[in-house]
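Chemist: These are the residues of each chain, in order.
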Amino acid sequence: MSSLLHFFDVLIGTFDLFIKALVLTLEISILAFVIGLAFGLFFAFLKVTKIKPLVMIVDFYVWIVRGTPLVVQIFILFYGLTSLILIPNFLAVTLALAFHLGAYLTEIIRGAIESIDKGQMEAGKSLGMGHWLTMRRIILPQAFRRAIPSFGNQFIIGLKDSSLASFIGMQELFGVAKLEGSVHFDFMTYLLVVGVYYLLIVYIFTKLVNRIEWRLAVSD
Amino acid sequence: MDNKKEIIKVVKLNKSFGNLHVLKDIDMTVKESEVVVLIGASGSGKSTLLRCMNFLEIKDEGDIIFDGNKIDPKTHNLNKVRERVGMVFQHFNLFPHKTVLENVIEAPVKVKKIQKSQAVEEAMELLNKVGLVDKRDEYPSKLSGGQKQRVAIARSLAMKPDVMLFDEPTSALDPELVGEVLITMKQLASEGMTMVVVTHEMGFAREVGDELIYMHDGKIVERGNPKDIFSNPKMDRTREFLSKVL
Ligand SMILES: Nc1ncnc2c1ncn2[C@@H]1O[C@H](COP(=O)(O)OP(=O)(O)OP(=O)(O)O)[C@@H](O)[C@H]1O
Ligand SMILES: [Mg+2]
Chain A
1 MSSLLHFFDV LIGTFDLFIK ALVLTLEISI LAFVIGLAFG LFFAFLKVTK
51 IKPLVMIVDF YVWIVRGTPL VVQIFILFYG LTSLILIPNF LAVTLALAFH
101 LGAYLTEIIR GAIESIDKGQ MEAGKSLGMG HWLTMRRIIL PQAFRRAIPS
151 FGNQFIIGLK DSSLASFIGM QELFGVAKLE GSVHFDFMTY LLVVGVYYLL
201 IVYIFTKLVN RIEWRLAVSD
Chain B
1 MDNKKEIIKV VKLNKSFGNL HVLKDIDMTV KESEVVVLIG ASGSGKSTLL
51 RCMNFLEIKD EGDIIFDGNK IDPKTHNLNK VRERVGMVFQ HFNLFPHKTV
101 LENVIEAPVK VKKIQKSQAV EEAMELLNKV GLVDKRDEYP SKLSGGQKQR
151 VAIARSLAMK PDVMLFDEPT SALDPELVGE VLITMKQLAS EGMTMVVVTH
201 EMGFAREVGD ELIYMHDGKI VERGNPKDIF SNPKMDRTRE FLSKVL
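Listed in order, the protein sequences are those of chains A and B.
The opening position of the first sequence corresponds to residue 1 in the working numbering, with each subsequent residue numbered one higher.
The opening position of the second sequence corresponds to residue 1 in the working numbering, with each subsequent residue numbered one higher.
Note that these hints are calculated values from the structure, not bench results.
Just so it is clear, CB atoms sit at the ideal spot from N, CA and C, and this is done for glycine as well.
One should not assume that every hint holds.
What the hints assert, rightly or not - Facing chain B, according to a computed beta carbon distance under 7 Å, are these residues of chain A, among others: (1) GLY119; (2) ALA123; (3) SER126; (4) LEU127; (5) GLY128; (6) MET129; (7) ILE138; (8) PRO141; (9) GLN142; (10) GLU213; (11) ALA217.
Build out the structure end to end from the sequences listed, making use of the hints.
Modeler: Dropping the structure here:
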């Protein structure tokens, strides 16, 4: 009983601290996701050209990302980037996570593009729209809609994975939990508290994605 | 001979998919305001021939001459050619994320860069023509097959093409919806639209066609006035085919 009270004590007492950390977590994950989308779009485009060398580049990228732990990627990219150019930790970590998410988003976007009936491209071409205009105006809008559930999933994975940023000193949710836990010799309580934040934020985003999905389904 | 302009001329066209020789030395001419009807068994190459005419398939050998210009897919801007060659597909291929009106104005606005207000005005005229003005704000999923195909025709017409290609435009429709699409096509023909139509609707071929082409196994077996061919086919193959479909 007293430990439960203690938990709520800490939960309330650290509210400001964790909200600040939550904002950082969201900044990292949202920015990483957006940049990851750009990566994904770019590499998916390369892949759907079916041009051998381009496809090989994409497959290599995806192979690297899938075949190594994210922590390793973050460390390599973080130290690699920061030793090459002077950029803030925040940006280096975000780019590393974006690089990682980008590989998964590449596959999601490629799959979505290829799932669109090829009659759509033919219709666009037959109207004189050409490959790229049809891609932009006709194929991609449909592909993105179809990919929204997978995007949502991937975003949530990225959100949780952003906790790895703590390993290079970022004071996002998990970083703050680790620090405060060790300062107060009370690791477990702070881990439980941060767990609540993750649960809550993931729950909110899941609902949000479902909502968007539902609205698109209605308008179809 | 009449001196109508030749819109599309196909000379010794050959096309293979891998080892499959699908079109063999096809020669044909489509003149202004003419309706050419292509018939033949499944797999005889009708769609491929049609698709070569707007370069959705690229020929292996032979020439495609459009409005007097030999089109070389390597050097010509095919988009420019396709602007002038409309195509209507068996499965409509409407853009499902766009409303009926948006489907029709998409290419005029984005390709021809026509003012949106003007494109809408022209689109409404076309929708009026195909009898779908009241559906302008519907999404394709809310339309019947016949309505979808009529929207697809309007969408193609919006580019003001010199010729329209139809690939089995009524084959995917429930029987009771075939008529409304054929009526629209007949109306187009009567307005002088140049058309190449792949179809199994022999009534349409007989009534509207200026020339009938019967294809078998990648070759043109017989061609001529539809009424003549239907009543008195010269080739045994044609007779055999017609006895099955008439
Ligand atoms: N993209 C392609 N790749 C390989 N083979 C193809 C391709 N398109 C068509 N074919 C083959 O070429 C032949 C002619 O096909 P085509 O679609 O032109 O026939 P069709 O006369 O239109 O038949 P249908 O009445 O069934 O539509 C068929 O054997 C078909 O399987
Ligand atoms: Mg066909």
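Chemist: Look at each hint and say if it fits the structure.
Modeler: Right, here's what the structure says about each hint:
no. : hint   : verdict
1   : GLY119 : holds (4 Å)
2   : ALA123 : holds (4 Å)
3   : SER126 : holds (4 Å)
4   : LEU127 : holds (4 Å)
5   : GLY128 : holds (3 Å)
6   : MET129 : holds (6 Å)
7   : ILE138 : holds (6 Å)
8   : PRO141 : holds (5 Å)
9   : GLN142 : holds (5 Å)
10  : GLU213 : violated (15 Å)
11  : ALA217 : violated (11 Å)
The structure does not agree with the numbered hints 10, 11 stated previously, though it agrees with the rest.
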